[in-house]
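Enquirer: With the hints as constraints, model all of the structure from the sequences given.
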Amino acid sequence: MTSIECLNSMLVLLAIVQSVPYLLSRIDLDELMKKDEPPFTFPKTLEEFEYAFNEYGQLRHIKTGEPFVFNAREDLHRWNQKRYEALGEIITQYVYELLEKKCNMTKETLPVDATEDEPTGFIYLSPDALSNPSKLLVLIQGSGVVRAGQWARRLIINQDLNSGTQIPFIERAMQEGYGVMVLNPNENYLEVEKSTKSPLPSPTETSDEPAEKRERKDDKEGKKKKEFYEKYRNPQRETETERIPIRENGSSEEHVLYVWDHFVSRAAAKNVFIMAHSYGGLSFVELMNQRESEVKNKVCAVALTDSAHNIWLQETTKSTQDWMQEHCRNWVSSPEPLDTTLEPMMPDCPRVSAGTERHELTSWMSFDSIFRFFSEFHAKEGEEAEETSNSVTTRSGSHKNRHQDL
Numbered sequence: 064m065t066s067i068e069c070l071n072s073m074l075v076l077l078a079i080v081q082s083v084p085y086l087l088s089r090i091d092l093d094e095l096m097k098k099d100e101p102p103f104t105f106p107k108t109l110e111e112f113e114y115a116f117n118e119y120g121q122l123r124h125i126k127t128g129e130p131f132v133f134n135a136r137e138d139l140h141r142w143n144q145k146r147y148e149a150l151g152e153i154i155t156q157y158v159y160e161l162l163e164k165k166c167n168m169t170k171e172t173l174p175v176d177a178t179e180d181e182p183t184g185f186i187y188l189s190p191d192a193l194s195n196p197s198k199l200l201v202l203i204q205g206s207g208v209v210r211a212g213q214w215a216r217r218l219i220i221n222q223d224l225n226s227g228t229q230i231p232f233i234e235r236a237m238q239e240g241y242g243v244m245v246l247n248p249n250e251n252y253l254e255v256e257k258s259t260k261s262p263l264p265s266p267t268e269t270s271d272e273p274a275e276k277r278e279r280k281d282d283k284e285g286k287k288k289k290e291f292y293e294k295y296r297n298p299q300r301e302t303e304t305e306r307i308p309i310r311e312n313g314s315s316e317e318h319v320l321y322v323w324d325h326f327v328s329r330a331a332a333k334n335v336f337i338m339a340h341s342y343g344g345l346s347f348v349e350l351m352n353q354r355e356s357e358v359k360n361k362v363c364a365v366a367l368t369d370s371a372h373n374i375w376l377q378e379t380t381k382s383t384q385d386w387m388q389e390h391c392r393n394w395v396s397s398p399e400p401l402d403t404t405l406e407p408m409m410p411d412c413p414r415v416s417a418g419t420e421r422h423e424l425t426s427w428m429s430f431d432s433i434f435r436f437f438s439e440f441h442a443k444e445g446e447e448a449e450e451t452s453n454s455v456t457t458r459s460g461s462h463k464n465r466h467q468d469l
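Each residue of the sequence shown is one higher than the last, beginning at 64 in our numbering.
Hints may be right or wrong, so weigh each one.
BS3-like cross-link-like pairs, simulated, lysine-lysine; straight-line CA separation at most 27 Å [said to hold, decoys possible]:
#: 1; residue 1: Lys381; residue 2: Lys333
#: 2; residue 1: Lys443; residue 2: Lys381
#: 3; residue 1: Lys381; residue 2: Lys359
#: 4; residue 1: Lys257; residue 2: Lys145
#: 5; residue 1: Lys361; residue 2: Lys381
#: 6; residue 1: Lys359; residue 2: Lys333
These are calculated hints, taken from the structure and not from any lab test.
Expert: In structure tokens, the structure reads:
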């Protein structure tokens, strides 16, 4: 090989080496790593999922006996999450069946005057919820995906039915002579599929928004969609839906107020007891803001568990705060032993430890303490009623004697 040929070869080799970074930059390594995302089609029953609750109320695989596994497929988090949500919907229906068959409760449709073509929700009532003359227990859950009868879906799936559902509270209450109402504060809307045809914007709508602003918004939405779907080679498109609110029950606060007006306030029970978890506590305080005198006249005691209420943000009255100090108790997540008195954060209700640092477990861990708290209040109410009755009798007798003397 001549020196000229050798020089040409070196130049070609140098050009190739120099072009390597450019060639590598053109290869999308993330694209090569992408996977085909499976379709979002999941079983419709526990049996099809191959899971069942054992004698201890624990969810176990029918064949292996193992607890539920979230990561059924590695590196497919969105698919695993959709699978978990599909199982959660089945769990919701399962708990409804327990309320109806195991606890003998019935559904009451909301609104009470709903028409056939409007969205509806429901609550559950024990047979004597409205007629029990003595005691009524009202259960209010927190926010999120949980529905009537549940405290925490995570506990139902990963721990057991006792810790995650309201069933033990309902059964204990019935054994102790309470009527029971199970509220459903997260059932606020009907979700329907959006129409594929989107109406064209009117001239006034397009002219009100500057073109630059529209372009920035479109770029932002496009980037969001790209980031959402870029993980998979053929990502599954989710159905777009819209929510139609349930009349007068469009939020947890509205729901609690509606149930109070149409059910609790009309119940025969002289003593109403309320248990509210997390956001349910906020909804109860909002009820007090709206119906203060009614609540004070009818409610005997309130047990809160890790309540999300805030008397400052919710602008409660001094009289409400004083009443809560006397009639409420909040079991909060804490490393301290169960029922240990904790420093107050606000001048509303006493705070005690729930004996756990896990928010979702506070209701279950406080189970016995809550019913003991209710029993003490009921006994005190009975003593006060007896004293009042004796006082009236004494006054009546003394008046009668004076009349006879005259």
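Enquirer: Name the hints, by number, that the structure is in violation of.
Expert: Per hint list: zero violations.
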